[in-house]
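> Residue numbers for the sequence shown, in this note's numbering: 39 to 167.
Hints are computed from structural coordinates only; laboratory data are not their basis.
Keep in mind that a hint or two might mislead.
[Claimed, not checked] With beta-carbon atoms standing in for the labels, derived distance ranges:
no., residue 1, residue 2, range
1, M93, E154, 17 to 23 Å
2, V152, M93, 33 to 39 Å
3, N57, G96, 17 to 23 Å
4, E99, E78, 30 to 36 Å
[To be verified] Calculated pairs, PhoX-like style, for lysine-lysine (alpha carbon to alpha carbon, straight line, at most 25 Å):
no., residue 1, residue 2
5, K48, K142
6, K54, K142
7, K48, K68
8, K101, K142
9, K101, K165
10, K68, K142
11, K48, K165
12, K68, K165
13, K68, K101
14, K48, K101
15, K68, K54
Every residue, glycine too, gets a C-beta built ideally from N, C-alpha and C.
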Amino acid sequence: MGLIVEDLIKSNSYLKPENAASVYLAVQDKYLSVPYELHEGSIITGQILGITDIMGRGVEEVKNLIGSTITFVIVNVVGTDYLFISRDSWPLLRDYGIMPEDYKLRVKIISARVNEEEIEIYPRIEKVV
39 MGLIVEDLIK SNSYLKPENA ASVYLAVQDK YLSVPYELHE GSIITGQILG
89 ITDIMGRGVE EVKNLIGSTI TFVIVNVVGT DYLFISRDSW PLLRDYGIMP
139 EDYKLRVKII SARVNEEEIE IYPRIEKVV
């Protein structure tokens, strides 16, 4: 199960955490950091479900990325969780030319790591936002 998030990939160097690229997805914090009491800098693990261009068309060249694990670093600002793609995961997208403002990413958020504790996200349902 997990939290399904689909958003346009965006960029922001100002909010970027140290161990992340400047690219992110956004989700309302009421679905993630609030119910799970996640702190800034928590590591979020997800699975890539789909990549489309801004017109909603699938991208044939990246089909093999579907199902890949992706990690994020969370930053919360005024009701929004910014899921910055980790430095380790960013090359997975970058090397296929998946750039901010040009593509949407659909991911399933599976777990969060706070300190050394692993927390499952929506383990009993598949929550779509």
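> Would you mind marking each hint as holding or not holding in the structure?
Hints versus structure:
A hinted range of 17 to 23 Å is violated for the C-beta pair M93 and E154, which are about 43 Å apart. Distance hint check for V152 and M93: the Cβ-Cβ separation is about 37 Å, which falls inside the suggested range of 33 to 39 Å. Remark: the range hint 17 to 23 Å for N57 to G96 is contradicted by a beta-carbon distance near 31 Å. The given range of 30 to 36 Å is respected by E99 and E78, whose C-beta atoms sit roughly 34 Å from each other.
For the suggested pair K48 and K142, the alpha carbons sit about 9 Å apart, so the restraint of at most 25 Å is met. Annotation: proposed proximity of K54 to K142 holds, straight-line Cα distance about 19 Å (limit 25 Å). Our distance criterion of 25 Å between C-alpha atoms is met by K48 and K68, whose separation comes to about 20 Å. Taking the CA atoms of K101 and K142, the gap is near 14 Å; set against the 25 Å cutoff, the hint holds.
A hinted pair counts as satisfied when its Cα atoms are at most 25 Å apart, and K101 with K165 qualifies at roughly 24 Å. As the CA atoms of K68 and K142 are separated by approximately 21 Å, the hinted pair is consistent with the 25 Å bound. Restraint check for K48 and K165: satisfied, since their Cα atoms lie roughly 22 Å apart, inside the 25 Å limit. Between the alpha carbons of K68 and K165 the distance comes to roughly 12 Å, so the proposed pair stays at or under 25 Å and holds.
Between the alpha carbons of K68 and K101 the distance comes to roughly 31 Å, so the proposed pair goes past 25 Å and is violated. Restraint check for K48 and K101: satisfied, since their Cα atoms lie roughly 21 Å apart, inside the 25 Å limit. Only pairs whose Cα atoms come within 25 Å are accepted, and K68 paired with K54 is accepted, the gap being roughly 21 Å.
This entry does not satisfy hints 1, 3 and 13, going by the numbered hints stated previously.
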